[in-house]
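Participant: Each chain is listed here by its residues.
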Amino acid sequence: MAKPSLATTKIPLAGNEAAAYAMKQVNPDVVAAYPITPQTELMQTFAQYVADGEVDTALITVESEHSAMSACVGAAAAGARTMTATSANGFALMWEVLYIAASLRLPITMTVVNRALSGPINIHCDHSDSMGARDAGWIQMYAENPQEAYDLLLVALKAAENHDVLLPAMVMYDGFIISHTMEIVETLPDEVVRDYVGAYKPAYALLLDEKPFTVGPLDFHDYYFEHKRQEIEGTEHAPAGLAQAAAEYEKVSGRRYGPLESYRADDADVVMVALGSTAGTARYVVDVLREQGKAAGLMKLRTFRPFPHAEIAEALGNAKCVVVCDRVASFGAFGSPTFTEVRSALYEVPERPLVINYIYGLGGRDTGPDLLEQAFAEGFRVAETGKIEQHVGYLGVR
Amino acid sequence: MEKKKGWKEIPMGGLITEAGNAEEYETGSWRTFKPVLDKEACNNCLICWIFCPDTSIVVENEEMVGFDYVHCKGCGICAAECPKKAIEMVLDQEE
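Chains A and B supply the protein sequences, listed in that same order. Position 49 of the first sequence, counting from 1, maps to 49 under our numbering, and the rest follow consecutively. Position 37 of the second sequence, counting from 1, maps to 37 under our numbering, and the rest follow consecutively.
Source of the hints: derived by calculation from the structure; they are not laboratory data. Do not rely on the hints blindly, as some may be mistaken.
[Unchecked claim] Using 25 angstroms as the maximum straight-line C-alpha spacing, the simulated BS3-like pairs for lysine-lysine come out as follows: (1) 3/B <-> 228/A; (2) 201/A <-> 8/B; (3) 228/A <-> 4/B; (4) 228/A <-> 39/B; (5) 8/B <-> 211/A; (6) 84/B <-> 39/B; (7) 5/B <-> 211/A; (8) 228/A <-> 84/B.
Remember, it's a predicted structure, so these values are computed and weren't measured experimentally.
Sequences are here, hints too, so could you generate the full structure?
Facilitator: Okay, structure coming up:
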């Protein structure tokens, strides 16, 4: 193999185009997908690659997302490297098959362009779609911008296909905010991506293996629990698989992708936790507050599943107050999903910080620096007084 | 009874890697009613054998000789289809 080239190309791409470009370079055997806003341009772009003969992919244009994920499961079980993409209600229609893909240990890779779940019906961004599937057994990574939409898809694919992991993986980015926003993206040469992902080696393949076997049979009280225990073991190997995939990606791209990314957080009294594009806004707000002499920091959470609890305890353990911002409500729960898990991760920290939660941006409600400054201001008040007045607040709701 | 295997010893993802192992699965315990044959009334037409969804009609030398109670789930299709009323479904009680 030739020495990997670091020669990159800088091109302006919207998030959807960046993800489609990564899929083109992977050149998967099968893609089964159904269009839905705001994922549509991703599949439209990829379908053009297929029509132009730029990939060898068998593109299955199914009649629904339930069929899309079912076709992906069938293709992956047959031994094909398989990818797809969806959003919101389409993602919800995949629901039962998401669990089947994970339990069959099929490393399908999917882009989820985050969009609010109905109802009321809405096409704009929040994380209610993917957050609902946090227990489906998939690796889940949130991209901040088109660059990460491109990079993380490749890293997630490589980790998912690792034979110690063998789990499907989904990479999220914010609908419209990232999917339709053009930024300069550094892409790798085709051959570098090809070498990075390598030839696909399925763990089992109905069409390739010589000995016949059965996929998806009935599994009762006598063995179902053991198969779920195996699946849990796969998720426990996923952090190492992701770290290895990220380390190899850093070698070819120069970009480093850990499960989380701290920004000016080491000496911060108040650290904000955010996922996706809001992390970019929060980074700006941190700089503004630092200029005012306030010890503010950010921890961007990139990998939500498997949840990096130990790294979070390490990264946030020295703060006085942690402000967890989540673009999703968890109805009836004590705070949003990221809040409950971050708070739990901090439970055994010797001098654990106080943790407050802000739910923001539902249905695409714009969340600018002013709102995040409000959240930080409350964080500093809590840090100074040591008293939480309200655990869960809402940013920008009337 | 066979000792059940742990999670490290079984094929991944619930795959069945050996063909034809349904025979090892004892479905007879699911039964509430069991079929009982009246040999005097049976004319060996083997309609029961044709209809049985579980290959639980035992035939030797083209003659109906009884039931595979290890696998018969007691569905009663054989009794319903028998043109000679030679099969009766009786409550399957512990003996």
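Participant: Can the restraint linking residue 228/A and residue 39/B be considered satisfied, given a maximum Cα separation of 25 angstroms?
Facilitator: This hinted pair is violated, its Cα atoms lying about 49 angstroms apart.
Participant: Is the hinted pair residue 84/B and residue 39/B satisfied, with a Cα-Cα distance of at most 25 angstroms?
Facilitator: With a Cα-Cα distance of about 11 angstroms, the restraint between residue 84/B and residue 39/B holds, given a limit of 25 angstroms.
Participant: Regarding the pair residue 201/A and residue 8/B, is the alpha-carbon distance no greater than 25 angstroms?
Facilitator: holds (22 angstroms)
Participant: What's the verdict on residue 8/B and residue 211/A, does the C-alpha distance respect the 25 angstroms limit or exceed it?
Facilitator: At roughly 22 angstroms apart (the allowed maximum being 25 angstroms), residue 211/A and residue 8/B satisfy the hint.
Participant: Run the distance test for residue 228/A versus residue 84/B: straight-line Cα separation, threshold 25 angstroms.
Facilitator: violated (50 angstroms)
Participant: Please work out if residue 5/B and residue 211/A have their alpha carbons no farther apart than 25 angstroms.
Facilitator: Holds: residue 5/B and residue 211/A sit about 22 angstroms apart, inside 25 angstroms.
Participant: Is the Cα-Cα distance between residue 3/B and residue 228/A 25 angstroms or less?
Facilitator: holds (19 angstroms)
Participant: Take the C-alpha atoms of residue 228/A and residue 4/B, compute the straight-line distance between them, and say whether it is at most 25 angstroms.
Facilitator: Holds - the C-alpha atoms of residue 4/B and residue 228/A are around 16 angstroms apart, at most 25 angstroms.
When the structure is compared with the earlier hints, violations turn up for hints 4, 8 and for no others.
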